[in-house]
Structure formats: C-alpha cells, structure tokens
Amino acid sequence: MINAVGRDIPEEILRLTGKEVFQGNNHFDGYEYRRQAPKVKCVIDPEKSKLRSSIREVLEACGIKDGMTLSFHHHFREGDKIVNMVMKEVHDMGLKDIRLCASSLGKAHEALVPMIEDGTITEIRSSGVRGEIGKVISEGKLKGLAYMQSHGGRVRSIVSGEVKIDIAFIGAPTADDYGNCSGIGGTSDCGVLSYAAADADYADNVVVITDHLVPFPNMPAQISMTKVDYVVQVDQIGDPAKIATGAAKPTSDVRKLMMADNCTSFVINTPYFKDGFSYQTGVGGASIASAVALSKIMKERGIRMRFGVGGLTKPMCDILNNDQVDCLLDTQDFDLDAVENVKHPRHFYISADEYANPFNKGAVVNRLDFVILASLEVDVHFNCNVVVGSDGVLTGAQGGHPDTAAGAKCSIVITPLVQGRIPAVCTDVTTVTTPGESVDVVVTDYGIAINPRRQDLMEAVKDAGLPLRTIEELRDIAYSITGEPKKVQFGDRVVGIIESRDGTIMDVVREVKEFSFAE
Amino acid sequence: MDIIKPAVAGTMESSDCQVTIEPGNGGIELDIQSPVIHQFGDQIRKTILETLKDLDIENARLTVVDKGALDCTVRARVEAAAYRSVGQKDALPWGGAIR
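Going line by line, the protein sequences match chains A and B.
Going by the numbering used here, the first sequence wraps up at 519, each residue one higher than the last.
Going by the numbering used here, the second sequence wraps up at 1099, each residue one higher than the last.
Honestly, I wouldn't trust all of these hints.
[Claimed, not checked] Derived pair list, reagent style PhoX-like, types lysine-lysine, alpha-carbon separation capped at 20 Å:
#  : chain 1 : residue 1 : chain 2 : residue 2
1  : A       : 513       : A       : 135
2  : B       : 1053      : A       : 487
3  : B       : 1067      : A       : 486
4  : A       : 88        : A       : 65
5  : A       : 299       : A       : 274
6  : A       : 39        : A       : 19
7  : A       : 487       : A       : 135
8  : A       : 135       : B       : 1067
9  : A       : 96        : A       : 164
10 : B       : 1053      : A       : 486
11 : A       : 487       : B       : 1089
12 : A       : 296       : A       : 361
13 : A       : 409       : A       : 462
14 : A       : 164       : A       : 135
15 : A       : 19        : A       : 164
Bear in mind the hints are in silico, worked out from the structure with no lab data behind them.
With the hints as constraints, model all of the structure from the sequences given.
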C-alpha cells in the first residue's frame, strides 16, 4: 500500500507488524488512547535491600526468560558498556529470542553481532544502528525485524503499550542503594538520563547499574527510587571520553563555514528570528559553526533566545554561559562541556517524552522555532534519509530528526551537495526517514532551496541576497558533478522498517544484494 | 599500447581511486571495488573501458580500488598507471590519447 510519501509498504509487513502506512504528520492529532501500566512489585518491608551483587543475580531476580524485551539507553554513546555487559550475561545464560529495545545502538555494541547471528537477539527496536550491527541486519541475519524509531516515536511505542519492556537497564553515573539516580556527580558522567525515563516508568522490572554508589538520598534524582526494583554496582558503566565520538569540533573547513554562513543568513532573515525565539541544532561541523555565528548576531542586534533544546554541545552551552538564552532543555549531551554544563541552574533535564513524544499532551519540539539538522540524502520532495547509507546498508539513526522537523516552525537541513561521489540532493532518497512535509529549507554549499510549501518563507527572504535555487536545480548541479546515480540493488526480504514517529510505517529497508554490473 | 610491467597510480584517499595495471591474458580483465558500486559501478566500468580504448590497450588486467572518485579522476588514474607501466614520462599525448 502506497503511503503519504509515496513508498509502497508490502501488505505482508502491514499484517506482520499490525501497523498502518504513514498518512501525514498530523493524522493522529486528537487521537485518544489509554496509556499502558507496568507491573509493580511493592517494597514495603524497610529491611529489604535492592542491592544485588552481579548482573547475573539481578537477571535471575527479574525472572529473565526466552522471548523477553530488554531496554537500554544510549547516553554514553560510543563509550557505553552497559549493553554489552548485560547481553554477555544473557548470552552466557543461553537465552534466546530476546527483543532489544534500545534508544540507540552504535559501534560500541559490535559484541552483539554474534548474538544476532545465533538467535539470542531476534528483534531490535532502536533509533538506529551503525557499523557491523547495521551490516548484519542488512545482510538479513536478524531473524525478526529491525524497527528504526525516532526518539519521540520510541517513547510513544512504550507508553502506548506497543512495546512491553520486561526489564529496563539504566546506566546511572550516580545512584543510591534505593535506586535514585542521576547523570552527574560520578566518575562516568553522561549528564542526563532522558531516554531512560520512559523505560523506568513503563518497564515491569527496572534495574539501575552504577559505578558510583552514593549514600541515600541521591538528590536531585533524575529517575526516582519509586520506579526502581534493583541496584547493581559494577566497575565501569561507560567511558565518558567517548561520549564526544562523532561530535564535531569547531571547523576550519571552508565549505562547512560557507554552509554555516548560508544557514545563519537564512535564519536571521526569517520572521521567527526575534527576541524570545527558540532553537535546536545538531552536532555536524556546519550546524555548530552556525550556532557560533548566530550567537554573534544575537549580541549585535540585542536579540535573546528564550530556550535552546538538544542534543546539546559546547556552542549551545556557551550561549547559556554568555547569558544570551533564558534556559536550555536537555535530553542528551554530545560532549563533556555539555555534560559539565548540566550543573548550570538554567540548564534543565527533560525526558524524551517531554522532548518529542507525539502521543502525549504536547511536547517541546512543538514549541521550536528553528531546528538545524543534517541528512545523508534529501530528495526533490524534501524527504530526508538519515538511517540507510547510499549503499543500502543500515548505518545511521533517526534520533530526533523527524520529531524536531515535524515540530519546528522552520526546519533547516544542512548538507554538502556532494559527499564523496554521493549526491546528497537526489531524485528519490534510498529510504525515507523524515517526510518532506516536515522539511522547510535545504542549505548546501551550492545554494539554498526552500520547500515550495513554504511560500511565506520564500516571500520573507526574497530580498535578502541569499543564493536561492530550486531543489531540482540543486539536484541537477549535483548530478552534473557526480553523474546520475543508479538505484541500490536490493533483495526481496524486508529486514527493517522505518517507523514514523506516530507508529505508522514510513518506509521499509530490504536486504542488500551483491552488486552485479549491467551488460 | 602494450602493458609491459605492473604499475600503480592513485591513492586510497577519499574521492580518489587506486588503479593497478598488469599485463593481461589476452583481453581486458577488470576488478572494481567501490563504496558507491551500486550507484556508479556501471559508470566507473564504462569510464575505465573507454579510457583503455583511447589508450589503445587491449590486453591488461586492472584492479581498481575506488574511494568515490569522479570520472575525471578515474580516467586520470588509469592513464597514469598505463604510462607508468610502459615507462613513458615524456612526450605524453595531451589532448590525444590523454583527454
């Protein structure tokens, strides 16, 4: 069945998943449902301890068995040790058919590959997968499906009961023996625990794993003892130095600086750039450079930001330190400066639910003026692909891309027109993750294209002297440099689905096939 | 042009391609690896075959490790490898066999 972004979703996948096809961003506005409720095992006896001495012991206490759903959060990013630590024990116990419900998986988790191959893990729900995990899924080695979810979509799936978490594991930089935990104050700080909040609220068993046990009470607690069944102390939960892996440093790349300039010039010429505006930006070199440039112009014009959101990095925290913004709302910290900045009194922790869940009574993303995003590919319909590499292999994460793009008044995607030989602006993206209706502007090193749906933005910037082009012109320039790309040759089997934030199917990901030359 | 001895041109840097040319077994033998093989595999092959034709090479074995090079780069690397193979450093046919 063809969905609202023109992708044909096979009937068998709709039957298998019980899902509908994507029908537009606001299709479920006003939809009513009852949230699911977790099982609670009461702790009344004051003599009872929640401390357990090992991962094995806690797994047994939770009654782990084949077919269970285990959840994890990814605030340690490439420095995470929790997933591998728990899954090694699960594997050693000989368990099968485990469903992994992770907020994201990365290169730190390549130890999972043999567990996918031998059927320990048979279904994965995650914002994304990278490296070897993406490769084995694309090769068809995961028995069930990989569901790629946005950060808001993940919370929706948990809250609505689509996913029932049996055991949630929360890597906590500090915790007390009753389970009050926080992202700061320890030896492996990650800043915030936003993605784990829904897991703590909705999982039947909640396990806190920490390497820094502090005396009761560990306040303020980002996740409360009232939701925690067990606490385990281990040697190390993560390597904070690797939190910043992949995050950009201030760039001197002239191409990125030019894109940043184009982006900033666009932002300041829109009607939304005025006192009290709100802003979110990603971790790409150009996005970061653009935040730095923007802060300078805000100062010159005496414009103050009301709030910044993230996915936070040093440049956003600098805007807070310079007192150019009233507050920051934080779901994740991409570098150690941002982790440290969590201690600032106007730097607030928010849950992934508050951040982006479309199935609550209103999330922060809906109040955004600007979001600056990156993309692997964007097509002439303004659809973006941030999950599947141009070679057809799963290699990225939705993150908050579809959530913020849908929510913000002005969603800007920055991308170099050509990356290697891959034209970033193309006729049809390999896989749709963010629908074109959410994307307002594409900024490249060869010019800026505004979505024709946004005649108001076209009108607003028409005299600003910006290098405006149509999206088709950008594609044509890209193809004139690289040649016109052929479509990736996929096999038939669907290995994954791109879940829209509202739970419908945006696109499917098929098994990769070995390339064969045309004659 | 007859390929005499093995020769290499190009690097493994991003947007480059490394071409190794060797004497063939009575025809053109191609081995292409590329991260963009799905999108541009046919185009890369076509460019290499055209370049060999322009150079009048009919008997060679080429191993091409592409890192996302544009056609002009692929062409230049094949030409450089071929002329290195025959040891020709001067009087290169710019505008002739080398386009």
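- [ ] Compare the structure with the hints numbered earlier in the document and write down the numbers of the violated ones, lowest to highest.
- [x] 2, 6, 10, 11, 12, 14
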